[in-house]
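Take the sequences, apply the hints, and build the full model.
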Amino acid sequence: MNSTNTFSYDSLIAAFLAGTNDAYLVLNHQYRIIMLNKNYIAFHQQYAFSVPDEGTMYIPSIQGTLLHFLIEHIQESFVTSNVKKFCHKIQSDTEKYFDIEVHPLPDKEGKITAIALGFFDVTKRYIVANEIQRSEKLFKALVTNATDAFQLTNDELKITYISDSVKNVLGYDSSELLNNYFFNLVHPDDKIIISKWLQQILDSSNITHTTEMRVRNKHKEWIYIEIAGRNLSHIPEIGAIVMNYRNIQNKKVAEKALAMAEQRMSLLLNNTKESFIVVNSRLRIVTYNRAAQEHSPYFFIDELQSGVSLLSLIKEQEIESTINLFEKVFEGLEGENETSFVDAKNVLHLYRHSFRPLFSENEIVGVFITSTDITEKKKAELQLKESEERNRTIIQESFDAMIICNNNYVITEASPVVFKVLGYHPEELVGRRYMDIIHDSNNDEHIQHIRAVSEKFDNEINLDTLILHKSGNYVWVSAKIKNLFHNPLINGLIFMITDISNRKNAETQVLLSEQRFKKLVQSGADMISILSKEGIVQYSSPTVENVLGNDPEKDIGRNIFNYIHPNDKGVILNQFNEMVQQNTNQTFFGPFRFLNAAGQYRWIETVATNLSEDPAINGIIINSRDVTERKKLNDKQKALTGELIKKNEDLQQFSFITSHNLRAPVANLIGLLNLFNKQDYNDPFNETLLEKFEEATNQLSNTLNDLIEVLVLKSNKDTPLEKIELTEFTQKIILSIEKLVKEQEVVITTDFSIINIIKSNKIYLKSVFQNLISNAIKYRSKHRKPVIHISTKKIDEWVVISFTDNGIGIDLKKYKDRIFGMYQRFHIQSEGKGLGLYMVKAQIIAMGGKIEVESEIGETTTFKVYLKHNDKI
Amino acid sequence: MTKFNSILLVEDDAIATIVCERVLKINNYTNNIISKENGKEAIKYIQTLLNNNEPLPEVILLDINMPVMNGWDFLQEYETLITQIKQPPLVFILSSTANPEDYSKATLFYFVKDFIPKPFKIEHLKLIESYKEN
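From first to last, the protein sequence lines stand for chains A and B. So the first sequence is numbered by my numbering: it starts at 554 and just counts up by one. So the second sequence is numbered by my numbering: it starts at 4 and just counts up by one.
Be aware that one or more of the hints could be misleading.
[Stated by the list, open to error] So the derived label-pair ranges between C-beta atoms look like this:
(1) LYS1421(A) - THR110(B): 39 to 47 Å
(2) SER133(B) - SER1254(A): 34 to 42 Å
(3) LYS47(B) - SER1212(A): 27 to 35 Å
(4) TYR1368(A) - THR86(B): 21 to 29 Å
(5) LYS47(B) - LEU1186(A): 56 to 64 Å
(6) THR83(B) - ILE1398(A): 31 to 39 Å
[To be verified] Derived DSS-like pairs (lysine-lysine); straight-line CA-CA distance at most 25 Å:
(7) LYS1285(A) - LYS1295(A)
(8) LYS1335(A) - LYS43(B)
(9) LYS1421(A) - LYS1312(A)
(10) LYS1315(A) - LYS1276(A)
(11) LYS1200(A) - LYS108(B)
(12) LYS1312(A) - LYS1346(A)
(13) LYS1367(A) - LYS108(B)
(14) LYS1366(A) - LYS108(B)
(15) LYS1331(A) - LYS1403(A)
(16) LYS47(B) - LYS1366(A)
(17) LYS1231(A) - LYS129(B)
(18) LYS638(A) - LYS591(A)
(19) LYS43(B) - LYS1366(A)
(20) LYS1346(A) - LYS1421(A)
(21) LYS108(B) - LYS1199(A)
(22) LYS773(A) - LYS898(A)
(23) LYS47(B) - LYS1335(A)
(24) LYS1315(A) - LYS1421(A)
(25) LYS47(B) - LYS1369(A)
(26) LYS28(B) - LYS1231(A)
(27) LYS1231(A) - LYS124(B)
(28) LYS108(B) - LYS1369(A)
(29) LYS1285(A) - LYS1312(A)
(30) LYS43(B) - LYS1369(A)
(31) LYS43(B) - LYS1367(A)
(32) LYS1367(A) - LYS47(B)
(33) LYS1417(A) - LYS1200(A)
(34) LYS43(B) - LYS1331(A)
No lab work stands behind these hints, which were simulated from the structure alone. For every residue, glycine included, the Cβ atom is placed at its ideal position computed from N, Cα and C.
The structure is reproduced here in C-alpha cells:
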C-alpha cells in the first residue's frame, strides 16, 4: 500500500470484495466466514447446496467432497503467513478448473487473524489447453488465441510454424522466428530447463509438459514465459512438437514482490490486474494498488499520488460528470463511467471505472474505484462490427448466385450470377420450381429443411446439396436459405448459392483416403509404425496389439532396437542406419527376432519406407509382419531336408560299398572261370581252381550274410528298451568270451559306481560290448598283457560308457573319418572283416546315441559310448 | 621272352591275386610277379628298391580296398617318391568298385594310366601293353 491508512482493514477488504469481479471470502481462525462477496456466493452455489453467510462455519467442500488440501493450506497460511495459489479441477457435467488463492490477512500488529480465499474460474484457459491436447481443433483455437503464442517445432526445437500472436507475447513478427531455433531465445541460465523439458516431451508423446523459463523478447529484455509442449510427431497431420506459451512476467514480478512484501494485504490488491483507488470524502486519493499505478497514465492526465484530489487528475470536460457521479455514490449508490485516452503513440485506451461507497460504521467515508481496461474488448467489438460490415459488402458484391422463391417454391427472381454457377440464364429459371433443379437423392430432406425455414421470418439454414446444372450434370453447391417474406422488397425465400464442387471433391477424396488408411492400419496382420531416424516409435497401428500384444499408445517413445534379439540387432541396425544415411526409399528387413509383450521373441519381417523428407510423416514407416509360423515351418523343412540329404548320402555310400563287396567275390568267380581249362579237364590247375571256386563262393555267401545283418539293423526302427544292470551284464559278456580272455590273460576292470542301471536295447548293447571288448583284445600290444577298463559317468543328458585299453592304439589323424566306416580295416594282424565298428556305430545310433574315440598310438584307445539317459528307470 | 621284366601286384584278396598271377603268367607277360598284401607293404618294397638302386617293376596293378593302407593312401605316398624314380612304372587301378567317385579320384593322380575293373582278363593285358608302346 502506498499510503497512510485511515481506514480499518475491514472496510478496505469489504470494498475490495465488493469491487472485484472474482469470488472472495474471508475466514477467521475458527473458519467462520467474516466476509464474502456476491461472486463467491454465486460460485459456491454452483457446487454446493448450502448458502454461505457471514458468521457461518466455512466448510470447503465441492459437491460433497471435503477439500482437505484447502484446509491444510489455510492452516498453513495462518502459521507461515505464506500466500498460496493452486489449481483445482472439478468434475461435474463438464470439467471446471479453478485457481484458488489463500491470502493471510494481518491485523495492525501484523498478526494473521484472517485468511482471504479467492476463487478464479480458469476453465476456459484449461479447456483451450485440453483441446490442444486432444485434437488438432485445439490447434486452431490456439492459433487464433491472442494471448498465447503457438508454435510447432521439430525435435531440435527448430520452429516450423509460429502463430502471429507471438508478437503479443515476445514482440517478434512470426516471420522473424520461423525456421529459427527456439533454443536461441532462451536465457543461458534456463537452457538446462528447456533441455530437460524437451527430453520429457520427447520421452512421452501425447503428454503435455509445462515449464517456465526466461526468453529474450524483441526489446532484448528477458521475460518469463510459461510454456506447454506436447509431442505430436506421430500424428501425420502435425508431425511436430506443439507448444504454446504466454508472458508470465507480471506473475513472476508479482511473485517476487510477494516474497518481499511486508504487507500481505498490499499483495492482495496488487496481484490483481484491476486498478483499485480509494478516495476519501474530500475526493483525495488515500491509497491505490500497483495496477492503478500502472494504468492510471491511461485515464488520468497527471501522476497518481496519495493526497492529491482526484479531480486534479481528470480531464476538464470529465469533471462535471465525475462530480455528479460522486454525489450519487455518497448517497450510497454505485456508479460507473468510461474514459478514453489517446497516448503519445496515438494508441487509444478505454477504461471503465466503477465507483462504490466505502463504509465505516454505517457512514460513507470514501469511495472505492475499480478501473478496468476495456480497450481490447472495445476493439474486438469494433472489429466485429467492421467484419460484419465487410461481410455485408462481400455478400452484396459476391459471386454467389441468388434465387428468390415464392411460397410455392417457384423461382420468381434469379441473379445474373446463376449463369456462372448453374449454367442457366436468369430468365430460364424464373417460373420453375426450385425442387425441380435439385438432386433426387437429397430432395426429401432438403425440402423439409426449406419448409422449416418457411415457417418463420428470418429463419435461415445452410445446406449442401446437388443442383442440376444446365449441362445435365449435378454440381455440389452450398445454399444459404433465408426467410425474407416479411421484407417487402423480397417477399420470399432467398437462396444464396455457392459452387462448392471443388471442396466436396476434396472432402470425398480425403474421406476415402482416410478410410482406406484406417482399414489398412486397423485390420489385417500387418503392423504399421512410424519411426524417427533413431528408431524411436512415433506411432503404432492398433494391429500391434493383435500381433505382439503391445499397447500401441505405450509403444510410442520406445526405441525398437531395444526389442530386437541381440543376435539380429547388429545386422538390422546397420541396415537401418544405411537406409537413413543413404536416404533409400524402401528397404526390406528380416526375418529377425522381436520381443513381444509376453517376453517371447517372434520372427518379424519388415518393409521400411523412408519418408523423413515428407513433412507430414517426418519419419520412417515400417510395415511389419509376424512370420514366426512360416519361419518355423521353413526351419523344420530345412532340417528335414538336411536330414534327408544326409540319409540319402549314407544310403548311396552304403549301396556303393555293398555293390563293391558283392562284386568282388563275383569277379573272383568270373576270373577263376575264365582260367578254367575247358579243352583239357585234366589240367592239374583246374583242380586248384575248383578249390578256389569253393572259397570264392563262401566269400560271396559271407558277404551276403553281413549285408543282411546290416540291412536288418538299418531297417529296424523299434529298439525296445529294457532295464540293464551293467555289472551283471558285463560279467555275462566276459563269460561268453571266456576262452579268449583266459588265453590272452586279459584283465577287465569295471567301475559302474556313478551309473549302474540304464535303460537300453539289450541285444544291441550286447553286440556293442562284445565288439569293443574283443577289438580291445584283438589290437592288444605285444609288449604287455591286455588291460581293459569299463566305466560309466554322466555328461549332460548322456550316460557315457567308456572302454579304455592299453593296446596298440590307432592313428586318428589318418583314420578318424573312416574308423566307423563299412569294410574299413586298419590292422594287418587281424582277421576282422571291417564290419565290427560299423555295426557298433549303427546299433548305437539306432538306440539314439553316439560314439567317440580317443587314442594314443602304441599306448591306449578309448571308445566312449553315449546313450540317452533315461531318468524314469 | 616275356613282355615285362616284373610286375608289382598290390592286392589283399588271395583269390584275386591267384587269378591275376595266372592270367599274367599263362600269357607270357612276365615271370616275375611281386605280390604285396596292402599299400604299406608295397611302399616298403619300392623304398627298398630305390635304396638299393635297383630297377622298379614296369607295371603296378593296384587294388583300392585293402586293410592297413588302402590304394588311395598308397598313391599319395607313391607320389612323394616318384621324383626319385628314373623310369616310373605304369600304374593301373584294379578294382570292383561301383562308386563313380573312385573313377574321378583316380584321374587326380597323373601317373595312374587306367582303371581296370575286376576280374583281371586277357583283354586287360592288351590295354597295359598299349601304354608300354606309347
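Verification of the supplied hints:
no.	hint	verdict
1	LYS1421(A) - THR110(B): 39 to 47 Å	45 Å, holds
2	SER133(B) - SER1254(A): 34 to 42 Å	38 Å, holds
3	LYS47(B) - SER1212(A): 27 to 35 Å	32 Å, holds
4	TYR1368(A) - THR86(B): 21 to 29 Å	27 Å, holds
5	LYS47(B) - LEU1186(A): 56 to 64 Å	58 Å, holds
6	THR83(B) - ILE1398(A): 31 to 39 Å	37 Å, holds
7	LYS1285(A) - LYS1295(A)	15 Å, holds
8	LYS1335(A) - LYS43(B)	20 Å, holds
9	LYS1421(A) - LYS1312(A)	9 Å, holds
10	LYS1315(A) - LYS1276(A)	8 Å, holds
11	LYS1200(A) - LYS108(B)	23 Å, holds
12	LYS1312(A) - LYS1346(A)	15 Å, holds
13	LYS1367(A) - LYS108(B)	18 Å, holds
14	LYS1366(A) - LYS108(B)	21 Å, holds
15	LYS1331(A) - LYS1403(A)	23 Å, holds
16	LYS47(B) - LYS1366(A)	21 Å, holds
17	LYS1231(A) - LYS129(B)	23 Å, holds
18	LYS638(A) - LYS591(A)	21 Å, holds
19	LYS43(B) - LYS1366(A)	17 Å, holds
20	LYS1346(A) - LYS1421(A)	12 Å, holds
21	LYS108(B) - LYS1199(A)	22 Å, holds
22	LYS773(A) - LYS898(A)	21 Å, holds
23	LYS47(B) - LYS1335(A)	22 Å, holds
24	LYS1315(A) - LYS1421(A)	14 Å, holds
25	LYS47(B) - LYS1369(A)	24 Å, holds
26	LYS28(B) - LYS1231(A)	18 Å, holds
27	LYS1231(A) - LYS124(B)	16 Å, holds
28	LYS108(B) - LYS1369(A)	20 Å, holds
29	LYS1285(A) - LYS1312(A)	17 Å, holds
30	LYS43(B) - LYS1369(A)	18 Å, holds
31	LYS43(B) - LYS1367(A)	14 Å, holds
32	LYS1367(A) - LYS47(B)	18 Å, holds
33	LYS1417(A) - LYS1200(A)	24 Å, holds
34	LYS43(B) - LYS1331(A)	20 Å, holds
In summary, the structure agrees with every hint in the numbered list given earlier.
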